[in-house]
Amino acid sequence: MSTDYEPKSAVAKWIDKRLPIVTLFNGHLMQYPTPKNLNYWWTFGGILTFCLVTQIITGLVLAMHYIADAELAFSSVEHIMRDVNYGWLLRYIHANGASMFFIAVYIHMARSLFYGSYKEPRELIWIIGVFIFLLMIATAFMGYVLPWGQMSFWGATVITNLFSAIPVFGESITNWLWGGYSVGSPLLTRFFTLHYLLPFLIFGLVILHVWALHVPGNNNPEGIDVVQGSQDTVPFHPHYVVKDVFALIVFMIVFAGFVFFTPNLLGHTDNYIQANPLQTPEHIVPEWYFLPFYAILRAIPDKLGGVIMMVSAIAILAFLPWLDTSKVRSAKYRPLFKQFYWIFLANFLLLGYLGAQPAEGIYVIISRIATIYYFVHFIVILPVLGFVEKTKPLPKSISEPVLNEKERAAKAASA
Amino acid sequence: MKRRGQRKLHQLSVFRSIKYILSILLAVSAYQSTSIAAEIHEPMRPYWSFEGPLGKFERASLQRGYQVYTEVCSGCHSMDLLSYRNLIQPGGPEFSEKQAKAMAAMFEVETGPDQDGEMFMRPAILSDKFVSPWENEQQARAANGGAYPPDLSVIVKARPNGADYIYSLLLGYKDAPEGTDLDDGVYYNEYAKGMRIAMPQVLYEDGVEYTDGTAATEEQMAHDVTTFLTWSAEPKLEERKRMGFKVIIYLLILAFLFYFTNKAIWKDSH
Amino acid sequence: MSDSKPVTRRNFLFISTAAFSAAGAATIGIPLVSQMNPDASVKALASTEVDVSTIVPGQSITVLWRGKPVFIRRRTEEEINEAQKVKLEDLPDPEGDDTRVQNPEWLVMVGICTHLGCIPLGNKGDYNGWFCPCHGSHYDTSGRIRKGPAPTNLEIPDYVFLDNNTIKIG
Chain A
0 MSTDYEPKSA
10 VAKWIDKRLP
20 IVTLFNGHLM
30 QYPTPKNLNY
40 WWTFGGILTF
50 CLVTQIITGL
60 VLAMHYIADA
70 ELAFSSVEHI
80 MRDVNYGWLL
90 RYIHANGASM
100 FFIAVYIHMA
110 RSLFYGSYKE
120 PRELIWIIGV
130 FIFLLMIATA
140 FMGYVLPWGQ
150 MSFWGATVIT
160 NLFSAIPVFG
170 ESITNWLWGG
180 YSVGSPLLTR
190 FFTLHYLLPF
200 LIFGLVILHV
210 WALHVPGNNN
220 PEGIDVVQGS
230 QDTVPFHPHY
240 VVKDVFALIV
250 FMIVFAGFVF
260 FTPNLLGHTD
270 NYIQANPLQT
280 PEHIVPEWYF
290 LPFYAILRAI
300 PDKLGGVIMM
310 VSAIAILAFL
320 PWLDTSKVRS
330 AKYRPLFKQF
340 YWIFLANFLL
350 LGYLGAQPAE
360 GIYVIISRIA
370 TIYYFVHFIV
380 ILPVLGFVEK
390 TKPLPKSISE
400 PVLNEKERAA
410 KAASA
Chain B
0 MKRRGQRKLH
10 QLSVFRSIKY
20 ILSILLAVSA
30 YQSTSIAAEI
40 HEPMRPYWSF
50 EGPLGKFERA
60 SLQRGYQVYT
70 EVCSGCHSMD
80 LLSYRNLIQP
90 GGPEFSEKQA
100 KAMAAMFEVE
110 TGPDQDGEMF
120 MRPAILSDKF
130 VSPWENEQQA
140 RAANGGAYPP
150 DLSVIVKARP
160 NGADYIYSLL
170 LGYKDAPEGT
180 DLDDGVYYNE
190 YAKGMRIAMP
200 QVLYEDGVEY
210 TDGTAATEEQ
220 MAHDVTTFLT
230 WSAEPKLEER
240 KRMGFKVIIY
250 LLILAFLFYF
260 TNKAIWKDSH
Chain C
0 MSDSKPVTRR
10 NFLFISTAAF
20 SAAGAATIGI
30 PLVSQMNPDA
40 SVKALASTEV
50 DVSTIVPGQS
60 ITVLWRGKPV
70 FIRRRTEEEI
80 NEAQKVKLED
90 LPDPEGDDTR
100 VQNPEWLVMV
110 GICTHLGCIP
120 LGNKGDYNGW
130 FCPCHGSHYD
140 TSGRIRKGPA
150 PTNLEIPDYV
160 FLDNNTIKIG
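Residue numbers (numbering that gives the first Met the number 0), protein chains in the order written: chain A, 0 to 414; chain B, 0 to 269; chain C, 0 to 169.
In case anyone wonders, no lab produced these hints; they're calculated from the structure.
Treat the hints with care, as some may be off.
Computed list of lysine-lysine pairs in BS3-like fashion (alpha-carbon distance at most 30 angstroms, straight line) [as the list claims (entries may be wrong)]:
no. : chain 1 : residue 1 : chain 2 : residue 2
1   : B       : LYS128    : C       : LYS167
2   : C       : LYS167    : B       : LYS97
3   : A       : LYS35     : A       : LYS331
4   : A       : LYS35     : B       : LYS266
5   : B       : LYS173    : B       : LYS156
6   : C       : LYS67     : B       : LYS128
7   : B       : LYS266    : A       : LYS331
8   : B       : LYS97     : C       : LYS67
9   : B       : LYS100    : B       : LYS235
10  : B       : LYS100    : C       : LYS67
Work the whole structure out from these sequences, hints included.
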């Protein structure tokens with residue numbers, strides 16, 4: 000962002016001459032022209048940054064006390080809960096923070112899907128986002144293994160066993176992953192190392208994500224291009240800094256509700272039983288945020304097929320900018336797309352529900368239908384819609400819809 | 000002002016939003032109840048002083064519960080994650096240091112080696128962990144017909160419906176209905192999975208003589224020991240809820256301040 | 000002039016919001032810093048009770064306290080007299096024996112040489128006390144440095160006699 004900003008203090012000038020972070024900070028976080036009509040669905044990017052920082056900080060301090068060994072992991076977590084000063088608080092923040100992170104990322108993605116934020120010229124922002132999502136999934140999966148409860152162990156067993164479905168090399172890859180012949184201490188230690196590492200990769204991708212965003216600038220609820228620096232934009236600070244913080248505080252109230260009053264609601268009671276390789280829990284269930292993909296995995300009767308479909312369900316997101324052929328961005332002006340959007344969302348929630356049910360009877364049939372519909376939405380519905388849909392006329396600028404209402408009101412008053 | 004068509008669309012999307020919220024709630028509740036097999040009765044739901052956002056433990060109940068654990072349960076069940084010093088700390092039974100030292104001294108721990116390289120026994124002190132009735136899992140199984148009496152430190156968090164389930168289970172022993180087939184060492188219990196459990200009934204009226212004189216009915220003992228086990232699973236419960244109350248109040252005030260700050264900043268921009 | 004009132008109200012709002020936020024942000028630091036302090040299980044081992052009933056005069060034992068060795072010696076009459084007779088001017092680190100013991104018969108001190116941390120050997124050295132083999136520091140019957148590179152006397156930990164037979168250290 001090129002502005003006429005000059006650093007004010009002598010210290011700022013000295014630093015900025017050698018490393019332009021002062022002008023960078025000012026350009027991208029303070030003066031940055033942002034569309035003035037962003038609604039609260041746009042606050043989740045800031046909320047996600049808060050979630051990432053919270054997880055990294057609480058994770059860091061928890062790592063000072065956690066022991067990544069199969070014999071000691073479970074009791075080290077209990078040691079944190081009982082003996083470490085405020086250990087219980089840090090652990091519950093970290094565990095519930097993961098759930099809050101996924102609530103926020105799903106809402107953030109839902110916003111992009113509705114308002115067409117993935118469309119030209121923002122395709123790369125979206126694709127980087129898909130990679131961030133993948134890294135989040137990997138990080139959360141490994142993190143859940145660390146307490147070494149029954150669900151940790153058996154969830155790890157089920158998912159790492161999927162690698163054996165790979166033809167020819169499957170078994171060697173799985174043993175390589177395990178560092179042994181089953182899930183055990185070697186796997187736990189390496190999961191701890193990778194769980195510590197990945198969030199920093201996520202952080203790097205987030206920087207690229209925001210950088211890519213700041214090239215075209217933010218999308219907005221109307222989905223139309225906005226002239227930067229015009230009366231259609233406001234500086235990011237203080238308008239959106241304050242709005243983002245307000246939204247964040249409301250988010251934190253929900254977060255605090257979980258941490259302080261129902262800290263184990265989103266977890267599974269079986270994970271308070273120490274891992275036992277000789278006893279499988281009745282129902283192996285992943286954490287709630289994985290349920291839709293778990294449902295897709297189990298819907299396919301073939302092991303390798305299930306793995307391919309589960310991975311494809313996420314990978315297909317990367318192709319969205321090209322699968323959706325419509326030139327109109329926002330669902331606000333795409334009435335038919337809007338209907339299919341809500342149906343897609345309902346189907347996704349249905350898949351989530353099914354992921355928690357036993358894989359028998361009617362649940363299997365519905366899972367298969369829901370899985371097929373998931374892919375039909377991307378591969379058939381979206382491409383076709385772009386051609387057949389009659390979109391509503393777009394406003395000339397983001398101020399225009401407001402003016403039209405005023406004009407209408409003036410007409411009604413004079414009638 | 001919205002045109003009629005727009006209002007209708009708005010109503011439709013509101014209707015849809017409600018549908019989705021309901022399906023989310025359904026998903027959460029379904030997720031929670033997945034672990035309970037269809038055969039188990041819903042547990043009883045007695046009053047617990049520690050439930051709810053302002054919940055607290057009753058000290059006297061915790062102390063009686065410890066007595067029940069020690070005199071009835073500890074013969075088969077370990078509590079490996081507790082130390083005798085936990086009995087003193089705030090938020091728990093809050094025995095005095097003298098009382099807790101005396102309670103610990105009733106048990107022996109292995110320590111050493113001594114000058115000759117031999118291990119030996121000494122009375123437990125506050126910093127020791129609760130002494131387990133068994134040397135190892137195999138010994139526990141051998142003494143209990145192959146079944147392992149689980150460690151009770153976090154049992155309340157390790158079972159769906161937690162305290163309600165444990166309480167109900169302890170009181171759930173009934174005569175098996177006519178024609179029920181029970182193997183040796185398996186007992187009939189209305190709240191156990193498949194109505195069967197390898198633990199016999201252990202709570203009988205006046206099975207324990209409470210030091211504070213409370214009548215030791217089965218319900219009383221079940222209530223006290225479950226309260227104790229809930230504390231053992233969540234020793235920081237009281238501190239957590241206290242802090243939560245303050246944090247939420249703080250955040251509500253902060254939200255209020257930021258709401259008006261936001262309004263003030265945006266006033267001239269629309 | 001007419002809009003100074005709403006402006007000051009606005010400023011008050013902004014300042015209160017900023018101050019209230021800052022208070023919250025500072026509070027977050029408390030658990031993050033506090034978690035590194037000794038936890039409850041470490042603090043439980045912060046004091047050690049020692050049964051000294053079997054120690055005869057002239058005998059020493061060494062116990063572990065907070066990961067460090069502590070010498071407990073039951074001194075003989077001779078050792079007590081020797082310690083009390085020493086003139087303060089003769090000491091590199093002047094300290095009277097009466098300030099180093101609660102009961103003259105019992106000497107309790109941290110067995111770590113104040114030079115570079117080795118463990119001194121008992122009943123050795125030129126002053127009938129302790130001798131550190133690492134760099135040749137000599138301590139007397141009160142554990143005070145007399146000769147050698149050590150700068151200060153052997154440290155006396157906090158301790159109390161719970162009764163005649165038990166010392167609680169720390």
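Hints and how they fare:
About 21 angstroms separates the Cα atoms of LYS128(B) and LYS167(C), which keeps this hinted pair within 30 angstroms; it holds. With a C-alpha separation of about 15 angstroms, the suggested pair LYS167(C) and LYS97(B) falls inside the 30 angstroms cut-off, and the hint holds. The straight-line distance between the Cα atoms of LYS35(A) and LYS331(A) is roughly 17 angstroms, inside the 30 angstroms bound, and the hint therefore holds. With a C-alpha separation of about 12 angstroms, the suggested pair LYS35(A) and LYS266(B) falls inside the 30 angstroms cut-off, and the hint holds.
For a cut-off of 30 angstroms, the pair hint linking LYS173(B) to LYS156(B) stands: about 26 angstroms separates their Cα positions. Restraint check: the Cα-Cα separation between LYS67(C) and LYS128(B) comes to about 23 angstroms, which is no more than 30 angstroms; the hinted pair holds. The straight-line distance between the Cα atoms of LYS266(B) and LYS331(A) is roughly 26 angstroms, inside the 30 angstroms bound, and the hint therefore holds. Pair hint LYS97(B) plus LYS67(C) holds up; C-alpha atoms about 27 angstroms apart against a cutoff of 30 angstroms.
For a cut-off of 30 angstroms, the pair hint linking LYS100(B) to LYS235(B) stands: about 22 angstroms separates their Cα positions. Restraint check for LYS100(B) and LYS67(C): the C-alpha separation of about 25 angstroms stays at or below 30 angstroms, so the hint holds.
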